[in-house]
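Given these sequences and hints, build the entire structure.
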Amino acid sequence: MATALLTASCYNEGTLVNNPAPLLQYQHKPTEARLLTLAKSYAEAINQNLKDQVIHPGQYADYGVALAKLGLQEQANVMFNNEKTFFPNSTKYVEFLKRTYTPNLFADNHFDTSKIDVKALDSIRVEYTPEELAAQQELEADPEYQKMLKLQQLEEKEAKAAAVKKAREERAKAKKAERKAQTKAREKEKREKEQAKKAAEKERAKAKKAEQKAKEEAKKAERKAKEEAKKAEIEAKKAAEKAAADAKKAEQKAQKEAEKAALKAQKEAEKAEKAAKKAQKEASKASQESDVEAEDE
Amino acid sequence: MKHTTIFITLISLLLVVSCKSEKKVTTYEDLYKEQPFTILIAPTQDNTKRPQEKSTQDRVLNEELDMAATFLQQSCVEPLVSQGYYAIPPLAGNTILQKYNKSYRELMQGNITDLHSLYGIDAILLVAIHKWKEPEVNEVVVFAEYTLRSVKTGQELMHTWVRGDKLQPVDDKGEPIELAADYKFIQTTQMEPRLAHRCLLLQGMSDFALRNMPTSASRWMFKQDQYTSANPNFYSFLMNPDGSIEREKYNEDAFGNECFTD
Numbered sequence: 001m002a003t004a005l006l007t008a009s010c011y012n013e014g015t016l017v018n019n020p021a022p023l024l025q026y027q028h029k030p031t032e033a034r035l036l037t038l039a040k041s042y043a044e045a046i047n048q049n050l051k052d053q054v055i056h057p058g059q060y061a062d063y064g065v066a067l068a069k070l071g072l073q074e075q076a077n078v079m080f081n082n083e084k085t086f087f088p089n090s091t092k093y094v095e096f097l098k099r100t101y102t103p104n105l106f107a108d109n110h111f112d113t114s115k116i117d118v119k120a121l122d123s124i125r126v127e128y129t130p131e132e133l134a135a136q137q138e139l140e141a142d143p144e145y146q147k148m149l150k151l152q153q154l155e156e157k158e159a160k161a162a163a164v165k166k167a168r169e170e171r172a173k174a175k176k177a178e179r180k181a182q183t184k185a186r187e188k189e190k191r192e193k194e195q196a197k198k199a200a201e202k203e204r205a206k207a208k209k210a211e212q213k214a215k216e217e218a219k220k221a222e223r224k225a226k227e228e229a230k231k232a233e234i235e236a237k238k239a240a241e242k243a244a245a246d247a248k249k250a251e252q253k254a255q256k257e258a259e260k261a262a263l264k265a266q267k268e269a270e271k272a273e274k275a276a277k278k279a280q281k282e283a284s285k286a287s288q289e290s291d292v293e294a295e296d297e
Numbered sequence: 001m002k003h004t005t006i007f008i009t010l011i012s013l014l015l016v017v018s019c020k021s022e023k024k025v026t027t028y029e030d031l032y033k034e035q036p037f038t039i040l041i042a043p044t045q046d047n048t049k050r051p052q053e054k055s056t057q058d059r060v061l062n063e064e065l066d067m068a069a070t071f072l073q074q075s076c077v078e079p080l081v082s083q084g085y086y087a088i089p090p091l092a093g094n095t096i097l098q099k100y101n102k103s104y105r106e107l108m109q110g111n112i113t114d115l116h117s118l119y120g121i122d123a124i125l126l127v128a129i130h131k132w133k134e135p136e137v138n139e140v141v142v143f144a145e146y147t148l149r150s151v152k153t154g155q156e157l158m159h160t161w162v163r164g165d166k167l168q169p170v171d172d173k174g175e176p177i178e179l180a181a182d183y184k185f186i187q188t189t190q191m192e193p194r195l196a197h198r199c200l201l202l203q204g205m206s207d208f209a210l211r212n213m214p215t216s217a218s219r220w221m222f223k224q225d226q227y228t229s230a231n232p233n234f235y236s237f238l239m240n241p242d243g244s245i246e247r248e249k250y251n252e253d254a255f256g257n258e259c260f261t262d
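Respectively, the protein sequence lines represent chains F and A. Everything in the first sequence is counted per the working numbering, starting at 1 for the first residue and increasing by one. Everything in the second sequence is counted per the working numbering, starting at 1 for the first residue and increasing by one.
In short, the hints are calculated from the structure, not lab data. All values derive from a computational prediction rather than experimental measurement. We put the beta carbon where it would ideally sit given N, CA and C, even for glycine. A few of these clues could be false.
To be verified - Derived DEER-like restraints, expressed as beta-carbon distance ranges:
no. : chain 1 : residue 1 : chain 2 : residue 2 : range
1   : F       : Q153      : A       : T26       : 41 to 47 Å
2   : A       : G154      : F       : Q73       : 33 to 39 Å
3   : A       : Y104      : F       : A174      : 54 to 60 Å
4   : F       : Q136      : A       : Y104      : 32 to 38 Å
5   : F       : A162      : A       : E156      : 51 to 57 Å
Below is the structure:
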């Protein structure tokens, strides 16, 4: 409640007093009767603000001062605590007010933000000044005032009757609306159930379809995999054959090259043999020649 | 509803009338810096000259002026609250000041820092009425001064001098006619029409002067309006018979001459 009111108070400030006259009259000439009128005015303004869900800064503090001055210490203390609760920045000065007006209840921090019973203030007996009494008597003697009072009472009565009638009508209206809302809610529930059933069936069909599709896709994938495996096998065979042919070719080539090398080596050996023979021949020739020369000599 | 209407009218008037005047960021520079929240409204300093009570008429007039001065303090509460400040209400405020026991001059110029430490007050609003005039049967004029003083630093956060003027429409015979709004106020408060007109003028002036202040730092709008126009330090405030409001910058010397000389 307090939080809601505090939040609301940020947007609307309400009014300190609905009618500025009681405060003005009390401040101008403070009398008990005027103080009581002012207290009632504050109580009415607070109730109005509660109805509008707003709190006016300082309203509880001022109402508390008025109550304390009227001798209602306990109620005043509650109002001071209300002010402190709603407006923590007011703590210091409200504590000063508590020390001044309700010192015995200083430690009592009980607060109550419910509607104020304005009529309870009527039971307070206040002393009227002779001037006020005279003015009151003068006012009461005035036929215009009496007429106005009667009119006011009549208006109040009419307003009360109208309010009762309105409340009754509103209750009936609310009941009717409730019944209508209940029927509507039932219909809505039914509709929703049917819709949910349909949706579930649809979902089931969808799921079945999806399952079939998945199966088909799996088969397809299997087939494809098999084909691919076969293809791979053929390719591997081909590659192996090619590799064998290549190896054979390489072997033949190597054999040819070895034969070539052997032939070349044979030729070279023959060549070397020939050269050796030639050298031998030449050597024998040379020794023969030297023998001849030696014989000659 | 009534307050909202007044507020909207005043805001739109402010925007239209004061295109060339100083911005709030300059006029209320210290207020933006200090960001006061809890404001105490001191009782009105009434500097008006009063007739000696030789007749009932004099007595009635004096009483009327006393009540109008008392009303000025009360009229400052709503505009401050609507701007997001915490205004200490009259009964509680007066209890504090009775205990504090300092004169208007001391509150205006002296050291008042203990108001913060003792009562948690950030600033004090001092209001004064210097003169009442009734140039015509259907016209009432008042010279008033509004000062917002920081309790912590003693600096003036706002200081405005206003010449308020309220005109009432008149009938063919030259007799004043009550406007619907004025009539409603008179009916609610059961005030004498002359007093009611003084109170209505003071209420209008307080609304106009204080709703021009930046909103309190507790509101999200704080600093949003710092480049909008501020009221001049001296200005005249006219409430026309048709209910419209006019504001005009006033020359300081002319204000002084009219306000402080007979």
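Confirm or reject the claim that F/Q153 and A/T26 have a C-beta distance inside 41 to 47 Å.
Hint violated: Cβ distance 58 Å, outside 41 to 47 Å.
That 54 to 60 Å hint for A/Y104 and F/A174 (C-beta), does it hold up?
This hint holds: roughly 58 Å between Cβ atoms.
Between F/Q136 and A/Y104, is the Cβ distance one that fits in 32 to 38 Å?
36 Å, holds
Holds or violated: 51 to 57 Å for the Cβ distance of F/A162 and A/E156?
54 Å, holds
Mind checking the hinted window 33 to 39 Å against the Cβ distance between A/G154 and F/Q73?
37 Å, holds
Taken one by one, the earlier hints fail for this structure only at number 1.
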